[in-house]
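2 protein chains.
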Amino acid sequence: MTQQFSRRKFFAGAGLFSTVATAGALSACAKPETSDASSEAAQSGIELATETIAFDQPHQAGIHTKHQAHQWLIAFNLAEDADRDGVIRLMKLWTDDARKLTQGEIPLGSLDEEMVTRPANLTATIGYGRGFLVKAGLEDHAPVWLDKLPEYPTDELLPEWSEGDICLQIAADDPVAVSYASRWMIKAAKRYATPAWVQEGFSYADGVLAESETPRNLFGQKDGTVNLRTEEELDSLVWISDSENWLNGGTSLVVRRIEMDMDGWDAADRGVRELSMGRTIAEGAPLGQEKEFDDVDLTVTDSYGLPAIDSKSHVARAHPPVDNPEQQILRRVYNYDLPPIPGHRFTSNSGLVFGSFQQDPLTQFHPIQQRLAEADRLNEWIFHTGSAVFAIPRGTAPDEYWGQSLLET
Amino acid sequence: MTQQFSRRKFFAGAGLFSTVATAGALSACAKPETSDASSEAAQSGIELATETIAFDQPHQAGIHTKHQAHQWLIAFNLAEDADRDGVIRLMKLWTDDARKLTQGEIPLGSLDEEMVTRPANLTATIGYGRGFLVKAGLEDHAPVWLDKLPEYPTDELLPEWSEGDICLQIAADDPVAVSYASRWMIKAAKRYATPAWVQEGFSYADGVLAESETPRNLFGQKDGTVNLRTEEELDSLVWISDSENWLNGGTSLVVRRIEMDMDGWDAADRGVRELSMGRTIAEGAPLGQEKEFDDVDLTVTDSYGLPAIDSKSHVARAHPPVDNPEQQILRRVYNYDLPPIPGHRFTSNSGLVFGSFQQDPLTQFHPIQQRLAEADRLNEWIFHTGSAVFAIPRGTAPDEYWGQSLLET
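Note that the protein sequences, when read in sequence, are chains X and L.
Under UniProt numbering, think of the first position of the first sequence as 1, with each following residue one higher.
Under UniProt numbering, think of the first position of the second sequence as 1, with each following residue one higher.
One thing to keep in mind: the hints can contain errors.
Claimed, not checked - Below, simulated SDA-like cross-link-like pairs (lysine to any residue); rule was C-alpha separation at most 20 Å, straight line:
#	chain 1	residue 1	chain 2	residue 2
1	L	Lys187	X	Gly343
2	X	Lys190	L	Arg345
3	L	Lys100	L	Gly137
4	L	Lys92	L	Trp145
5	L	Lys187	X	Lys187
6	X	Lys190	L	Lys92
7	X	Lys187	L	Ala267
8	X	Lys187	L	His344
Said to hold, decoys possible - Pairwise CB distance ranges, derived in the manner of DEER restraints:
#	chain 1	residue 1	chain 2	residue 2	range
9	L	Glu290	X	Thr409	27 to 35 Å
10	X	Thr409	L	Pro153	42 to 50 Å
11	X	Asp83	L	His344	21 to 29 Å
Just so you know, the hints here were simulated from the structure itself, not pulled from any lab data.
The structure displayed is predicted, hence computed values, not measured ones.
Even for Gly, the Cβ is constructed at its ideal location relative to N, Cα and C.
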């Protein structure tokens, strides 16, 4: 069952956390953890359909679990008259829906049994913007970093892609599963919150990349070579560890919408592309090295004695300074590609929905982005058009709802 | 290799036409028809990536070949000063690009080797609107049906989703492949034509449905049970057969954008849904029958002696009259689901990108749609917001370009 195995490809280092189970088709009550059901499903050709990722976990699924092929990031704004009781009702409702949908079960009130039994690794992950805590009367519980990011010199932010009281990340390996779950959650929230923006993203379909192969973005670059992967890395840089804090076991999410000038990129030759990135395109190797996962070594020189990696390349600017190893993030990146807009500056309307998880955006994401905004050669072709920051509460026990430790403070 | 087999699932009856080959990764010159390369690819987990569908065929690929998971339908309008020479240049350019892209080869001028070597069953199919023939000075070669369809009583057509001089259908099992090919073709056309509309569609991901299982639309209905499948059916009802006609071996494409009122559908119970459709939801069986592929028999009665299938159900209205067996079409249907629009009549912004291929839209599609528009109970929840008709030329020989038999008239 090579194929089965290759489905766990994106998060190579995360075998430690593996919480992927394979559910036997419809019956949602008993979820075998063994591969018996999986073999049966494989024989009917639908093994991907019935794969599930556990919902109740110490950390929310959708962060350290595998990166699926399709994702909707949905930001909501709460109704003007929202209060603590209202958001508690919404969280109870949503948690119950998400718990069921991700396990291939029917959410309360749905008549669409046939639309929910193929979750295909569906995850639903929640985050709170500052507005959520303000409206719930809990602003004093907001971490300092839960606010707009500092302005960067290259920012071209548009309000229609920025901020929001709540963020829902819905992802799966099947677009139908993402569509149903997204619609259901939007509808369930109707009395309490309305969508502010939706960023629909895609990566390679399941089965297209080899096991643990790094996906490429629309520029053709391997995107995600450097990432936090091991349990140790996540514990020290992603999960918040502070037993006094409602975010204990949680993290933060930075969302950036990054438009890409495909016309301009097409006009650059491969040498320019590699110089700007600081990596080869074919292998994704740091310039001056041979393989993708070779260390980024800014001291390596070429045959002329010049640095192999240009000091203004993306890699050089993103690389954490020796004294600041905390400047690392867990990236979760999807492509977007929308119909061209007549009269727009570029022929295409495409780019990245960039997400990063880290303990503290201000000490981890911000200094990296500051350096990139100041001098990354890639800035010639990329434009940040949206930005948002969310606090991601820890995962749930089976009898808990999202954010309970905050909301029942 | 059960999985490999299940990848040919959608077009159960079309084994006769099977033109799916499995290419060994990059080397595009030699495409083994055997499974050797496929086994190798399977071991690296990328067997879907390198599957290809032959480009040069008597009939264009993308019609009788398998239905892939993702599709962009792109309509173009030719530049005001377009003439015969210009459209010939465009067709030569595009044919060369499509021939290469669909086989995992690099189109002329692309530096993105890594973005084209995973075609994942990519197809590119071309169609011409009336405007194409007019601007090429060939209006006298336009079939009578190549024009706006008659207006139906339920039409709510919007110009932004209607008509166009050219239609390109780009489809694959991987959204990255569709994105790259679509962008490339749009860019290649820049001097000659600009996009009028793009309808991005999706169905289940490869590996989610069992072999030859009928996909469901966002209403949860099996969609495509009744379809033209066998070589005999396609020869008698889809492919135009007239050696004097430039469309010999070609067909016609009707595109309808159909918005779906998901809120309203949610409020209908399963009994109402089944009555309106004329089929059960779980099995997709005609009411009064047991299995999906049981005959639609409008004379079957229920225990009260009433017709099991309501005369205003979708199935009853769509069913060809006994004397008009030619009223059948080859459906190719995708879901769309876009971000909600604030203030829109429905919470969601979703529906169907409906395509149908037939010899003559006026004698095949039109009478069906006329009956549906008059009395289909589903009309309570569906709204036709876009419409277009295109002539689909026959496929190419390896030294031909799209539409050559028309353009060199």
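Quick rundown of the hints versus the structure:
Distance restraint check for L/Lys187 and X/Gly343: the Cα-Cα separation of roughly 14 Å lies within the 20 Å cut-off, and the hinted pair is therefore satisfied. Proximity of X/Lys190 to L/Arg345 is assessed by CA-CA distance (about 14 Å); at most 20 Å being required, the pair is judged to hold. For the hint linking L/Lys100 to L/Gly137, the alpha-carbon distance of about 29 Å lies beyond 20 Å, and the restraint is violated. A threshold of 20 Å between alpha carbons decides the hint, and for L/Lys92 with L/Trp145 the separation of about 26 Å lies outside it, so the pair is violated.
Our distance criterion of 20 Å between C-alpha atoms is broken by L/Lys187 and X/Lys187, whose separation comes to about 38 Å. Using a Cα cut-off of 20 Å, the hinted pair X/Lys190 and L/Lys92 is violated, with the two alpha carbons roughly 51 Å apart. Between the alpha carbons of X/Lys187 and L/Ala267 the distance comes to roughly 12 Å, so the proposed pair stays at or under 20 Å and holds. Of the supplied pair hints, the one linking X/Lys187 and L/His344 holds, its CA atoms being roughly 14 Å apart against a limit of 20 Å.
Between L/Glu290 and X/Thr409 the beta carbon distance is about 57 Å. The supplied range of 27 to 35 Å is therefore violated. Between X/Thr409 and L/Pro153 the Cβ separation comes to about 58 Å, which falls outside the hinted range of 42 to 50 Å. Separated by about 28 Å at the C-beta atoms, X/Asp83 and L/His344 satisfy the suggested range of 21 to 29 Å.
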